[in-house]
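Asker: Each chain, written out:
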Amino acid sequence: MKTKTLILVTTLPTLFYLFTWLFYPFIYNIYFSTFYYKLARPELTRFIGIENYVSLFTDPDFYLAARNTVIFILACLGLEFALGLLIALCLSRDFKGIGIFRIFFTLPILLPPISVAIIWRLMIFPEMSLIDFITQTLFNIRINWMAGGFPSYIIVMLIDAWQWAPFIGLILLAGMLGLPPEPVEAARVDGAPPTTVFFRIIIPYLKPIILIALILRFLDLIKLFDPIYAVVTGGGSGIETLSVYIYKRGFKVLDIGYGAAISVIFWIVAFIAANLIVRRFKEYLV
Amino acid sequence: MKINGWKIATVIAFILLTIWTLIPIYYSFITAFKSRIEITYWPPTLIPKEFTMQYWFIIWFDRPTIAYYRNTVIASLISTLIALAFSMPTAYTCARFNFKNRSDVLFTILTFRFLPPAAVVLPIYVFLRQLALIDTPISLGLIYGAINIPIGVWVLRSYIIEIPPELEESYMIDGYSRLRAFLNITLPLIRPGLVAVSLIILALSWGEFLFASILTTSPAGKTLPVGISEYMGGEWGYEWNKIMAATFYAIIPIIIAFIAIRKHLARGLTFGIVR
Amino acid sequence: MAKLRVEKVSKKFGPKKVLEDISFEVEEGSFTTLLGPPSAGKTTLLRIIAGVEHPDKGRIFLDDEDITDLPPKDRNVALVYQTFALYPHMKVYDNIASPLKARKLPPDEIRKKIEEISEFLNIHHLLDRYPRELSGGEKQRVAIARAMVKEARIYLFDEPLTNLDYKLREAARTELKRMSKALKATILYATPDPIDALALSDKVHILFEGKLLQSGAPREVHDLPNNLNVARVFSYPTINLIDADLEMKNGKVTLKTPFVSIDLPTYCTSTLAEGRYLLAIRPHDLHIVFEEDRSLTNVFKARLLLTYIIGSETIAHVEANGVRLTLHLPYIYRVGEVRDVKVFIDANRILLFDANTMERVYP
Amino acid sequence: MTNITLENVTHIYDKRVKAVDDLNITFPHGKLSAILGPSGCGKTTAMRIIAGLLHPTYGKVYFDQKDVTDLPPEKRNVAMVFQFPVVYSIMTVYENLAFPLRVKKLSKDQIDKEVKRVAEFLGIQQFLHLKPVGLPADLKQKIALGRAMIKQADVLILDEPLTNIDPSARFELREKILEVKRETGATILYVTHDQAEALTLADLIAVMKDGKILQFASPEDVYNHPANTFIAWFLGNPGMNLLKGTLESKDYKTYVELEGIRIELPATISTEILDRISTNEVIFGIRPEQIEVSLESKPNYIYAKVSIVEDTGMLRIATLNIGNLEIKVKTEKFLREGQDVYIRFPAQYIKLFDKDGNIIYG
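Chains as they are written, first to last, in our numbering: chain A, 1034 to 1319; chain B, 101 to 375; chain C, 338 to 700; chain D, -2 to 359.
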């Protein structure tokens, strides 16, 4: 009885607070999405039913944003996993001074994403950047990374990978260092050379951890915003993700009704994805 | 010792990774020491020819950087306090009691972490505007607090689970209440974890951009990430030395925090699952 | 020092019944053992008495005071955990001081009491250390000191010897006995080890799958278990069980097993019917016969498979006509390979159990 | 068939802790040698050095004449069973058993044949298709044992293989280990902290303490003729009674004086001892089960009072007081606490150690 009270008192406020900030707005989005509602022209506000959704599903920019979101998710996951595995492999070695490399290679993880984007903006800024100098010297070309199109896709992925491949590396490293030593030792005594041990023992044992790293990145990449914002500002376009598109329609154009409609769709998709995937964690619950 | 292919490949990998991670940080850092003219040099210089500290001071005065800093600190601190205040009790009961809906509670909380801010920011903006709460770091702190509660609950729970409940029980049998047992036994024992969670939440709030950029409009209300993002393309044009000085003021505290908690970072960022 | 009474206590975890209608008493100043296999419900019962768990049904009385609904802090009981539960961030001194500080005793008095108890348990030199700097045996003594310093009304021990290696156990058991005699405290001691129960206690309660099967003086319960499960729990090494057919012919009562037929004295078998029973015989009631002695009855042939030497004792595994038996011999008996031996079964030590009800029917 | 020789092997952890201290020993081929010692005595470290999982700080390891010190484990043809049953939870039981043969690149048919043979030997055929997750520890340990024996290694190292197995399941595994020994003829090293396992299974026992080997002899010798007081105490349950005393000679007889009690030593050995030691401080030792206990007074018996009795089922362990001396006896008699008894130390069982604990007589 007393325990029950304690449980209620400790969990309900937390849930309530979360609902207030993160669920309640979703309900309001549904409400807003049925209106023609521009902040700049409040006097024109009127109920228009599902009209926002109708125009949404015929809006090529929306489809582009959705497509971009998917592209970035897939490409970044692949790139970040490959790079992250390399980082983890290097950092799992044991020698004097490995500590400093463990700091170096994982340094970008906690940095504010926007400052990472700004740092990279400096690296690629047309006509004067270090990257320009390198490509000029090596291949005798200069690329305008910020003009949109393929180069912009690439640079957004690189920026994201620069910050988040170390994150995957860090998780895999924790996994590798946390592996019980016995299976690896047993495999070596069983006669397996180091490469066999790696592919037949270590990687299979790491599978759950690899999965967690990828899932967490996946769920974060759905929200991808900062590097695109930084690269697109003052430059090319056409690489917006859903987050950026909502930002643009909602706050640059101040079209709340339409932005709300995109938000509703986005929220539902993200909620379903998160809910499905997050249940996978159940097996890791102690 | 023989020199073999693996060794060479390892050394090359280390060199490439070092360049890849450190060059952008290094280059942007030294840019803050370059003079106005030198930032336009071609080829770009890797060591400033003319080493100047002035932009590190100037940015405090020709922009409301002090206000940005203050707002960021306030928002991050409020966020951390809110997140811990809500998540510590939840984490404790979820770790200690095996009640019926426990996993539902935990997974509902976790799901909230993965909802995109962009999908909820519009109504929040509309309401805060109506309540005239736009432009205050306090409202940002309240929102960041909510966003970071899932991290708090899950990570703290993973630390509490590791403390055997016998310790608390034994303390209660010694003659103390459950609250005292928590405060005198469990809390000191999870202190490293608690510090790590706090600093992670602090760092994540510190660098948040989307909410901050939408929910603040006047210079006096903006946070550091929004402030420095506005250096780009704004009235400063491309004064990269100033931009980078400001950026590093935002980054350095985070780097210090990172180094302090790096051993707990993997765990903190995976909700306590990877230990 | 107080008397404990447990009255009809039941506890479920989810659908699983952990304790069913348990009632017993622990007399003032006695050393009582709760003997049962792992997951018999011993720990849950101790936790209920200590107050960190609440029973679904039933009451707990200390000296006729109903303490069922009291929080642990108001019960004045002490519990020594299997894992010792020392507070890792406190020095040994503060660990022991914890229950005294809870009672808000003046520092001088606390110091005095700790000096006394640490002298008694020979842990004086450890007071300034942290638990992680202690060996297993030292941790155990500190845990006991923390309980003893409290002057509790009852001391509960949850398998305090299980986590010690066998060399330490040996010494710790003697120490525990010495201590309990010196303190004259009321002690309830949970253990899965039949030897603990025999060696230490005044009274034993057998707990099996959440039920209390038998209570009594250790030797009595050990020698005359009422129930097959009691015999199983309370035997080291595990008791031998053999299917046996009881036949009555010409006024003779004969017990037929696959490898030997045993004549039972008729005067105490009047209540028995013919049929199948479970014969139980303790490993130390089987003996290897080295010299041919024709007068000896109840001897059978067996193949000796393996002997296991524990210091000066031997556990021998034999097979007799397809039935595996364990022997416990009070001497060293080393055999290199499988061989034939003759085994004597002590008919006076035979127990018979009903195959269905598991109750003892003989003697 | 391989003799394993350690030559001056020392291993130092973290530049400070000497886990293994100058070991010189040869484990003879085809024998089961037990390495017995309390936890932390360095026995596991020594085995890891032999397996190749650790490189010794100093010293050499030889398999027969061959120096293997610098060879990695996969090139040594050793097999090992660990304390915590190691099965590859990512593979089926079949693949677990097949693993050492797969890395040897044997043909599929050969592997299949071997796996089936070993599985049958261990009685685990019905589990072959399962993943070993959630199987009981004894079954896991059987799989690990199978993996160790399938590669037909020259050297089989068993590192406390039964410690984490449920006591009731140990019997069968013990039997299997003895069968493996008979069948393979490999040199087996069996690490344990449990005297009973060593006394039961081993041809030879090496007693280790603090990184050193104290005695390497047959189980009978280790038990009956311990080289020092540690071994005397460590083996036996309870261990040997060890009491400080002084040697005294009078009227051509030699006595040990233990706090006022005088025990006469057989005349044959007394002069021999006196020649060997410098002081007359000795440690007197006798095993609890070798002390004769009588309820009535008899000539040459010493009076004692029972202070504590611990019933162990078959026997009773009693702590007796003789004046200030405390002595443990193990007897079939049912003694009562506070009872008067009379005891005798039979001369043939008496051991004497010098004051550093090394055996001088018995």
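Hints listed in this document are in silico derivations from the structure and should not be mistaken for laboratory results. A portion of the hints provided could be inaccurate.
[Claimed, not checked] With a straight-line cut-off of 27 angstroms between C-alpha atoms, the simulated DSSO-like cross-links for lysine-lysine are: (1) A:K1315 x D:K128; (2) C:K354 x C:K540; (3) D:K57 x D:K295; (4) C:K504 x D:K206; (5) C:K540 x D:K57.
Asker: For the pair we were handed, K57 (chain D) and K295 (chain D), check the Cα-Cα distance against 27 angstroms.
Answerer: Not OK: K57 (chain D) and K295 (chain D) at ~59 angstroms, beyond 27 angstroms, violated.
Asker: Is the hinted pair K504 (chain C) and K206 (chain D) satisfied, with a Cα-Cα distance of at most 27 angstroms?
Answerer: The hint holds at about 14 angstroms.
Asker: Holds or violated: K540 (chain C) and K57 (chain D), Cα atoms, limit 27 angstroms.
Answerer: At roughly 59 angstroms apart (the allowed maximum being 27 angstroms), K57 (chain D) and K540 (chain C) break the hint.
Asker: Please work out if K354 (chain C) and K540 (chain C) have their alpha carbons no farther apart than 27 angstroms.
Answerer: holds, 25 angstroms
Asker: Tell me if the straight-line CA distance from K1315 (chain A) to K128 (chain D) falls inside 27 angstroms.
Answerer: OK: K1315 (chain A) and K128 (chain D) at ~20 angstroms, within 27 angstroms.
The earlier numbered hints that this structure contradicts are 3, 5.
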